Every structure is written in structure tokens, then in C-alpha cells.
Amino acid sequence: MEYVRNAWYVAGWSSEFANDLSAVKILEDNIVIYRTSKGRVIAMEDRCPHRFLPLSMGKLIGDNLQCGYHGVTYNCEGHCVRIPGQKKIQKTLKVRTYPVFEQHDIVWIWMGDKSLADTSEIFDMPQFAQAGWEAHQGDAIHLTSNYLNVAENLVDPAHVSFVHPTTLGSSASEDVPVHFDTSGDAIVAWRWIRDSPPIGFFKEFPGYKTNVDRWHYYYLYPPSIAVIDFGSADSKEQIEENQRHLGTQLFALHFLTPVSSNRTIDRWMHLRNVAVGDETASSKINSMFKVAFAEDKQILEAIQEQEDHLQNQNPVHISIDKGSIAYRRRIADLIKSEAADNSTM
Amino acid sequence: MEYVRNAWYVAGWSSEFANDLSAVKILEDNIVIYRTSKGRVIAMEDRCPHRFLPLSMGKLIGDNLQCGYHGVTYNCEGHCVRIPGQKKIQKTLKVRTYPVFEQHDIVWIWMGDKSLADTSEIFDMPQFAQAGWEAHQGDAIHLTSNYLNVAENLVDPAHVSFVHPTTLGSSASEDVPVHFDTSGDAIVAWRWIRDSPPIGFFKEFPGYKTNVDRWHYYYLYPPSIAVIDFGSADSKEQIEENQRHLGTQLFALHFLTPVSSNRTIDRWMHLRNVAVGDETASSKINSMFKVAFAEDKQILEAIQEQEDHLQNQNPVHISIDKGSIAYRRRIADLIKSEAADNSTM
Amino acid sequence: MEYVRNAWYVAGWSSEFANDLSAVKILEDNIVIYRTSKGRVIAMEDRCPHRFLPLSMGKLIGDNLQCGYHGVTYNCEGHCVRIPGQKKIQKTLKVRTYPVFEQHDIVWIWMGDKSLADTSEIFDMPQFAQAGWEAHQGDAIHLTSNYLNVAENLVDPAHVSFVHPTTLGSSASEDVPVHFDTSGDAIVAWRWIRDSPPIGFFKEFPGYKTNVDRWHYYYLYPPSIAVIDFGSADSKEQIEENQRHLGTQLFALHFLTPVSSNRTIDRWMHLRNVAVGDETASSKINSMFKVAFAEDKQILEAIQEQEDHLQNQNPVHISIDKGSIAYRRRIADLIKSEAADNSTM
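Protein chains in written order, with numbering that gives the first Met the number 0: chain A, 0 to 344; chain B, 0 to 344; chain C, 0 to 344.
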């Protein structure tokens, strides 16, 4: 299928890569990733152009990569530097490399036109560096579902009442309307549930006992990053919509890596202003998220299975779909505009 | 593939459905089946038109069915009765329902044009209600084979000598010719094996020790029901062809449910005039049939595997194929006539 | 895919076939093989033309083959000799047979035009019958890879240094150039590694302790037989290229049977002039080869996986590819010439 290629995607957590060879698949490209002896991350097409053996089946000779079949060797720029038994090296023996950037213990990869790769555009949030905030890497969920299905679930507060009744939602929110703003860089969907009992999560952190005002803000940055701002404050404090940092606030970040038309990796982590420095709290929050995201996985894989077999059938839209409709339109526009750019090159 | 849709198929034994959600697949349609609080069986397309989640992954709210993704809810007629967070309900949010009828502990489903569903046409036999007869539900065999292959095996007395030499047939019958009558509602194939030792089955029920006259009558009702009238009588009694009830008679009923182009469920049961009320006999007969039908399953799945890979190759017919040739022609005619009816609507 | 059909392929070792039914697949044809009561090997299309049941699911009645569904029976020439319950036998009930020949405990099968089958063309080597030589059958490796990939690996001395560094090669040979002769019946690739330490194999047989001259000659006979002449001699003896029999010489024979477009069976054996009559040596040599061929299998299956997904992408050739380029051209020519012969028939 077609993807938005001119974008930074997450290749993995920094801890996933070492001075050895890892094979990953992103936007259907097979890629081999390794760190050089000095720790720099290198990403290269995972296929020797000679006889197509995945280079990840070869080995590192210093910082160069040697194919496991006939020893053809490539440097960090993908140029062939050795053909055993042959002196002259053809220029056609060249492997594509991908721009890579590491930030906040995350490895980002640029999948499109290299001349457009700008590391200043990589996703960031000030809270990563602020006192009073804790950043914690969660897990990588492998879903047998297209990334568009996974992403639209992340701009959809309405499903929470039905899919996550014991962790992230409750029946109190079933009929609370959802607001949308589709005009900015991020598509935003949000709602407040005022003056109702705390849900499981906030009963634990920080331990609310009386009614709270609860919010869910979903920011979806096309093509594949979502930030869920999710919190509660004691109802008696009557905080304003823009005073959310005064309550208990948690950002759940989801970095989606489209693997192929029906596989997606969702790497998630969180930033929070509660229980800072408390490792036990981090583990508990992880466990709660794992329960919730396993519930999403079940739904999203079942939908994919239906889509694999349906033909010419479109979903019937309802009012809560504004975010996902805007998101899918944005993706279609991005793909169209990349195709137009390519054809004028 | 194309199926005969204007027909009653077996959705399951009555015992298979309760006041919860079952997912079944019939003629490639995904269907969710449940009983209402009063026990009525409801069958509905197993897919929410909003985001395509199977409704069988949702839950019953009273007798209504609520989708597990966003809580969209449908009543027993498939009409949407609730969209959480939204007041107006679009008419396009509608789920297809299927006519259903329950009789003799069997749930029947009509897969075609609802206006043609006539419950008086559902398969029945007087012996279900007669004294001196015992009805016993057997099992459901899942075959990886097209239902046409399974059905033609059920109008084919000739295979019995080779596929079931220890249970339903014997080498005595190998060269006994088969008779056919393809003029009525059912396609009939039959033969008598006169004055030969009883086969395994009748040695046990009722315990014949000397030679018997044995018959096999195969009635195949297109598209998918077979009745095998199968019995023996002491050869000394010299019964006529139409006096079979005087001997030991057993009707094996096969209700075929086409699942997809290469999967079929064969639910089988029997009616018998021997060992009436004897539970141990029922179990023993079941065990014998299970051995025999596992033999058929092996053959029918091997044939399907060949057919999956063969192209433009037709079977070479021999004289015992008259029943299956007539059956396949009848099916083709039914599908053609349904297509013609649909195009003039 | 298209294959060279007018050729003798190995159907199996003689020990693989007995007086019962074996199902094999060669060039995508399903074939049933059995020995008659007198030990003759019969090979026949593995499908009854009546209802397509594999004949390998039937049984032998004397030397004839009876189908397991309706008892239709074929003789060793594939002619129908019995239809139970029917007197006249249609001529269309006929099963294709394949010419078969047994030699040196190997069963050969001719897959093409029967009128061209000439057993004098079957592969042979004088050493099978000479004193001072030991022939030993190894194993059958099942590879999920096209036979062309497997074959070209057998005319490729250069991979040995990288794929088999501990058994058949060593880094001493990495840059030693490869010679080619593509003019004869066999495509030949060879190289000598003079005056270097013995590799694992020859350290063991016969136990060289000082430097040796080592050679690898790869003879590839299209479509599917390879002979690897592989040996060493003490460097002090300074043997000529044509005096290899004076050293320790071992012929590894590979008989490739193309199963389908991505499956191949490689039956390998060896002939040697060292440790003749020594069973323990045979076992040890087998174990070494098993390690090496498992290394090839991993490479060849990974390449196949890439080829299954690549489109319109050709390998970039380097100088060591001369043998495989010639081989693939030879195969293409053979297929083309068979197609031309068929169209003028």
C-alpha cells in the first residue's frame, strides 16, 4: 500500500539497538540497523544487491557490514568497499541508507526523500526536560491491523467507555459529547466528564476519594504520533480547561510504526506529574496500560480481519467520527502531495 | 462462490444456542445468533456497519445487541436504537436479520429473499413423531471440503464397499449395480444386496446371525439435506422393496451447512426402529457412525485439495455417477433461476 | 513455473520405495510410486481421473492399484482394468505413467516426452565400480527454495569461505580467484588454494598436519546434478592440476529434485578414495556435510524469501557469478527448445 514517506517514524527505543545487527520492517521496507563502535545508529536496506541475502544475516567487520553469502562489504554510507576475489568494484553495488536521529532514548528514522529530512521537525515535548515530570518508556505492542485503524482509535475518546470500562473509562461518560478541532497540526478530540467518581486509574494516582473533573484530550499528529492528555482534578477545585497542569496530568504517547498493510507496532510511553521518581508507580501504571491496550488490540485486529474480506463497503459515519474522518483525509492529502512532488522531479 | 440462497439451512442444533452470542458462518455470511430472554432465536449479520466490529464481540443489553467498540445498539429487527453521545439515529445504521425457525431441536435459517421464506417447506419426517421410533442427534463434522463434494458422497452407495469396509459396507456389495431415480424432489440412488452375511452394523443391531437382505436408499434433497435409509431383514422373510419397515430400519439424516467454498459442516442424526429407548444403543450407533464419517472426511478433504490445484480438468464419469451428475445439474439450475429472479426484480 | 522436462531426475534412493504406495511431488506433478511383487518400480500420476482421489490413498491388489474411493483399478501401464458395478471400461479412464530406471541404488524418473527417454543418458561415474573407491549415500535435504538457487550454489566455490568457514572453507581462500569453463556439458568452476593449512575436513581425513594444496572443482550438469571434486595433497608433493587422484579426493554428488517453484529436495552422497571400507569415517563425513549443508539451507531459504517479494529486480552480477549466469542461460535455452519442439509436434 502507499504510505506517507516524508516523515520521521520511530525505528525503536534506543535500548533496542546495539553493536550488532537488528532486522526491522518499516513501511514494508526491510531494514538492518546497528550501532557503530562509537555508538552511532546506522540504518540500511536489508538486502545485498548481489544475491539478495538479507545483510542482517551477515556480520560487522569494524563498522562495515559484510554479506554472509560471498563477503561483499558495505560501509556506513552503503557504498561497497570490498568484493572478495575481485579488484574493481561496480558502482551499482550500493545499498540504500536511511537518515536516523536519536533523542530522548528514541531512535527516529526518515523513510522518504533524504533532502527533506529535517531533525528539528522530530516530535518533542517540553515536559521531557522539565522538573516535576517523569518520563517512562512502556512497551511495544505488535498489532495485526493497519496503522490507520490504530491511529483513529487514538483520536476517539468515545470508545473508552465501552472498550476500557474498568481502566480508562466508565459508564458515566457514555453519553458525554466529544469536541473536535481539526484545524491545527494535530487533530484534537476531547471531552470533560465533570463531577463524577474517579475512574480506576485516578483512584490509585494520587488516590482521589471524592468526585473529580476528568478530561481526555487526544492529539493526533499525522501520520503516526498520538498524545493523549488525560487527567483529573478534585471537583471542588473547579479548574478551568486550560489549568489542567494543576490537577493530576498524564500524557500517554503512542508512536506508531506501520510495518505493512496489516501490521503495526505501537510503542507507547508516558509523561506524568504525579508520583515522580516512584518506580513502583511506573510499574503499576504500565500494568494498567497493558490491560487497556490489550483490549484495543483485540478490537483493532477484529476490524482488520473484517476489512481484509469486505469489498467496496464503507463505514457508516456517526458524529463521534469527526477526528478519524479528518485524519484519513489528511493522510490521503499527504500521500497525494508526495506523489505530485515525485512526478515533477 | 455462488450458492442456492432461497433455502432453509441448518444453523445448528437447538442446544448450540443460548442467551448469549454465538458467531457462525453460513454461505460465507458472518452471522451472530442468540436467544432472547424468552428463548426466541435471533440471527443477524455479524458486523456493525459503523466500524465493522463483529457484533458477536459486543454484549446483550436486554434483548438488544450492543457493539463492543462504541456502544451502538441494535434491536431484534436489526434497527439501531442507540448511538451513545448522539441524538438522531441515521437510517443507514441497520443490520441485516435472517428468518429463523426451530423444529425437532434443530435451528433452521433462511439465507435468501425474506419474502420467500416459508416454514412449511422445512424438512420433516413423520417418524420424528411416531411411536416405535427413536430420534437421536449425533455430531457436527467440520470438513475442509466443498459441500457439493460432501453431498454427492451422500447419493453414492457404491463408495461404501471401499471406504467403509468394516462398518457400513462389505466386499459382497462391490459389484452389485446401483439404481437411480432423478425425477422427484429428492434424487434417489439405491441397491439391494440379497442373501449375504450381515455387515458389522446389523450384526450388532438387532444381532442377525444368518444371511440378510440389505438395502441402502440414498435420498438427496438439493441443496443440502440427505436421508439414508439403510436396513436389513432376515433373508428367509423375503421382504419386498416397499416393506422395509418390517426389517431393521435406520434413517441417517445429514444436514449440510456450506460455510465457504472449501468448508462444510455436516450435522448428522438418526431415526431408528430398533433398540428404541436404549441409550447404550444410541451411543454405540454414534460410535460406529463416527468411525465411518471420519473415513469419508479423509476422502472428501483429499479430493478438495486436488480440486484446489487442478485447472480446467473434469472428472471422467462412470455409471455409478448418475446421482451426483443429476444433483450438480439441479444445483446449477437453482442458482441460475435465482439469478434470473433477482435480475427481473 | 516451467521446468526442463526431458531429463532424468532422481525420484529417490532405492531404499525409499517398497511394495507399498509412496506419494512424491516432482516438477509440481503428484506421483505415486510402488514396487511390484517382483521389485520393479512403477511411477504413476497420483490421481484417479474419476473423482480425483490421490491413488496413493488406495491399495495394491496384486501389482495393480485400486482407488480408495470407488475401487476403480489400474494396471502398471496405467490402464483401467476394473470399474466395480460396471462392465464396459471407458478408454478415458487412464492414468499417466512415467519411465523409471534404477542404478547404483538410485531411482531415476523421466518427466518429459516418453519417446525421448534414453537410460544410457543417466548420470554415472566410473568410480562407482572401481576398487579403491567407497560410495556412500548421505541424506535428503528439503529446502524451501527454488532449485535454480540451490544449483547455482553448487557451481560457486566463492561462497565456501563465508558460509562454511569451519568445515569446507577457511579465510585463506577469500581472495583466491575462481576459474570457469562453460563450454562443455557440465559448467565448471574451480580454484586451487596452494600451500595453506588443511581445513577441518582434511585435518581429519587423512590427517594432514602440514600445509596442503587444496582444490575445489564444481561440475554442474543442467538441469539438476552437481559433482563437487574436492581434495587436498601435501604441498611438498607439488601435484599437477590433473593429478588430483594422487591426493585425497572426494566427490560430493548432489541430485536436485525440483518439487515446486519454491521447494527442492537435494539428495547428496559421496565417493571417496580415503578411508575405504571404514564405516566410522562414512558417519563422520556425513556429520560434517550435514553441518555444511544446513548452513547452505539457511542462506538459500532466506534468498528465496526475498525473491518471493521482490518485483522486477535483478541481481547485480560480480565476477564470481560466471558459472551461475551460464547455468541459468542453459536452463532457459533448454526450456525454450522443449517448447519449440512441442509446438511443432
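Some clues are possibly wrong.
Identical copies go unnamed one by one, so any copy, or any two together, can satisfy a pair.
Capping the alpha-carbon separation at 25 Å, the derived lysine to aspartate or glutamate pairs in DMTMM-like fashion look like this [as the list claims (entries may be wrong)]:
{"no.": "1", "residue 1": "K58", "residue 2": "D228"}
{"no.": "2", "residue 1": "K58", "residue 2": "E300"}
{"no.": "3", "residue 1": "K37", "residue 2": "D19"}
{"no.": "4", "residue 1": "K235", "residue 2": "D180"}
Derived from the structure by calculation, the hints contain no laboratory data. None of the values given here were measured: they were computed from a predicted structure.
Each hint, compared with the structure:
1. K58 <-> D228: Close neither inside one copy (44 Å) nor across copies (29 Å); limit 25 Å.
2. K58 <-> E300: between (36 Å within a copy, 18 Å between copies)
3. K37 <-> D19: So K37 and D19 pass the 25 Å test inside one copy only (12 Å; across, 60 Å).
4. K235 <-> D180: neither (28 Å within a copy, 86 Å between copies)
Of the numbered hints stated above, those contradicted by the structure are hints 1, 4, listed in ascending order.
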